[in-house]
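2 protein chains.
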Amino acid sequence: MNKQQLFENIKRKKSFLCVGLDTDIKKIPEHLLKEEDPIFAFNKAIIDATAPYCIAYKPNLAFYESMGVKGWIAFEKTVQYIKTNYPNQFIIADAKRGDIGNTSAMYARTFFEELDIDAVTVAPYMGEDSVTPFLTYKGKWVILLALTSNKGSHDFQLTTDESGERLFEKVLRKSQEWADDECMMYVVGATQGRMFEDIRKIAPDHFLLVPGIGAQGGSLEEVCQYGMTRECGLIVNSSRAIIYADKGETFAKTAGEEALKVQRQMEEQLKAIL
Amino acid sequence: MNKQQLFENIKRKKSFLCVGLDTDIKKIPEHLLKEEDPIFAFNKAIIDATAPYCIAYKPNLAFYESMGVKGWIAFEKTVQYIKTNYPNQFIIADAKRGDIGNTSAMYARTFFEELDIDAVTVAPYMGEDSVTPFLTYKGKWVILLALTSNKGSHDFQLTTDESGERLFEKVLRKSQEWADDECMMYVVGATQGRMFEDIRKIAPDHFLLVPGIGAQGGSLEEVCQYGMTRECGLIVNSSRAIIYADKGETFAKTAGEEALKVQRQMEEQLKAIL
Numbered sequence: 001m002n003k004q005q006l007f008e009n010i011k012r013k014k015s016f017l018c019v020g021l022d023t024d025i026k027k028i029p030e031h032l033l034k035e036e037d038p039i040f041a042f043n044k045a046i047i048d049a050t051a052p053y054c055i056a057y058k059p060n061l062a063f064y065e066s067m068g069v070k071g072w073i074a075f076e077k078t079v080q081y082i083k084t085n086y087p088n089q090f091i092i093a094d095a096k097r098g099d100i101g102n103t104s105a106m107y108a109r110t111f112f113e114e115l116d117i118d119a120v121t122v123a124p125y126m127g128e129d130s131v132t133p134f135l136t137y138k139g140k141w142v143i144l145l146a147l148t149s150n151k152g153s154h155d156f157q158l159t160t161d162e163s164g165e166r167l168f169e170k171v172l173r174k175s176q177e178w179a180d181d182e183c184m185m186y187v188v189g190a191t192q193g194r195m196f197e198d199i200r201k202i203a204p205d206h207f208l209l210v211p212g213i214g215a216q217g218g219s220l221e222e223v224c225q226y227g228m229t230r231e232c233g234l235i236v237n238s239s240r241a242i243i244y245a246d247k248g249e250t251f252a253k254t255a256g257e258e259a260l261k262v263q264r265q266m267e268e269q270l271k272a273i274l
Numbered sequence: 001m002n003k004q005q006l007f008e009n010i011k012r013k014k015s016f017l018c019v020g021l022d023t024d025i026k027k028i029p030e031h032l033l034k035e036e037d038p039i040f041a042f043n044k045a046i047i048d049a050t051a052p053y054c055i056a057y058k059p060n061l062a063f064y065e066s067m068g069v070k071g072w073i074a075f076e077k078t079v080q081y082i083k084t085n086y087p088n089q090f091i092i093a094d095a096k097r098g099d100i101g102n103t104s105a106m107y108a109r110t111f112f113e114e115l116d117i118d119a120v121t122v123a124p125y126m127g128e129d130s131v132t133p134f135l136t137y138k139g140k141w142v143i144l145l146a147l148t149s150n151k152g153s154h155d156f157q158l159t160t161d162e163s164g165e166r167l168f169e170k171v172l173r174k175s176q177e178w179a180d181d182e183c184m185m186y187v188v189g190a191t192q193g194r195m196f197e198d199i200r201k202i203a204p205d206h207f208l209l210v211p212g213i214g215a216q217g218g219s220l221e222e223v224c225q226y227g228m229t230r231e232c233g234l235i236v237n238s239s240r241a242i243i244y245a246d247k248g249e250t251f252a253k254t255a256g257e258e259a260l261k262v263q264r265q266m267e268e269q270l271k272a273i274l
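In order, the protein sequences belong to chains E and U. Here the numbering used here is used: the first residue of the first sequence is 1, the next is one more, and so on. Here the numbering used here is used: the first residue of the second sequence is 1, the next is one more, and so on.
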């Protein structure tokens, strides 16, 4: 999916919501545990209920890997289910990978060739040759960690170098030597508030993947105020606040309602540009 | 396995070699492709041939993930095979993970609870709460990326901050507030040469996991000269130069011979401290 198509989907759905499929066997409704594949059963129901209100899904690999082989099967089935039934949804593998060149190339093969996923999150610490193998697939995206939503983001990402540039700013600037805004996005946490202003000085047109709304406490209004571009430029993720809003038999219906609530807030924010 | 036990193994084997199980279906001998699980068949033969000469194995997850479910099965079987047949071998999941707290906790559960692996490599970019969930398991290790072996390591890891400290130095220093040398090691590439002197100023007693010998061109002598401690303090990894030394039917025998060559060089280096 290219940038233009992504924006078309946002305009059509009046939403830039990404639903995070952080599916934890310990947190899904009990009645699903009797299913053959409870994780997939949960995801399928959540996807069917939320698809009208979002433009992207983001399974976090950690949750699937924690279940070993069974988890990988559920992950692959989930990706396949979205691709078959909702082909306009942008699929992000939240994997935060990054390794030496030949190894990053293996990860890229997994996500882009084997699974045909649209985007993968990548950690920048190892530099250029750990990122570029992900950039050789046409129509696929790298979403590079820049300024994350967690408390630990302050430990290294805000370190200021001799020239006054903070590490996340260097990541934003340097990575633009490797790829443009047609195949790279950045992770910027919703908890970072006015830092979006600084981000937009360096990356005015890039899409940003924004976690941290909901359970982590970030504000959608603030993100939009400081981060939105003429082409939206934002994919805002919510995981726990949507998928675990209700732990009973009505979990999917409630998840749909929560997604709808967020979509309506987003529709309001989109009025500024549409 | 604790630090003392690791050193005991090094003294007993006169080796601090880690064999990297970067097993790629496209690179293993052709005759194995008719096996039911070619990846596991390859690993099993490599492990049996090299176990006398090494003290650790390091499967890189990328290579297994690239094969999806089949890859995960091969990975789990490999870990189980080492644990059952060579219980003194230190097993490192080279995963370079790191995510927000609750997600890192899921990764930790995978590697330490489900698979009972000894150590996992972790990327530091997201800071303290992305690392600490891995530190709650007694006898288990975090191996934090500090100064990696690839060219891209120069992009961010060598960035000097206002106080004159380079990013990898900050990672070494800051992370010692979270854990000591009984449960944390660092990745330092063999290609970094005299940088080991600088590393030892900040982390004088920590074990270092050293990739980059062999195919990547690092020098064992230089690593030992500048990086070895009284308790060795080094686990030196070799992957491609050992496991793909021979692509014919004698691949395992040749891998054993290559591992023996490295072990002999290590025995020589260990004379300085034993």
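Among the hints, erroneous ones may be present.
As the list claims (entries may be wrong) - Derived DMTMM-like pairs (lysine to aspartate or glutamate); straight-line CA-CA distance at most 25 angstroms:
hint	chain 1	residue 1	chain 2	residue 2
1	U	151	E	129
2	E	14	E	197
3	E	201	U	162
4	E	11	E	267
5	E	70	U	36
No lab work stands behind these hints: they were computed from the structure.
To see whether the hints hold, each was checked on the structure:
At most 25 angstroms may separate the alpha-carbon atoms for a hinted pair to count; residue 151 of chain U and residue 129 of chain E meet this at roughly 7 angstroms. Distance hint between residue 14 of chain E and residue 197 of chain E is fulfilled; the C-alpha atoms sit about 24 angstroms from each other, no more than 25 angstroms. With a C-alpha separation of about 22 angstroms, the suggested pair residue 201 of chain E and residue 162 of chain U falls inside the 25 angstroms cut-off, and the hint holds. In summary, the hint linking residue 11 of chain E to residue 267 of chain E is supported, as the alpha carbons are separated by about 9 angstroms, within the 25 angstroms threshold.
The hinted pair formed by residue 70 of chain E and residue 36 of chain U meets the criterion: a straight-line CA distance of about 19 angstroms does not exceed 25 angstroms.
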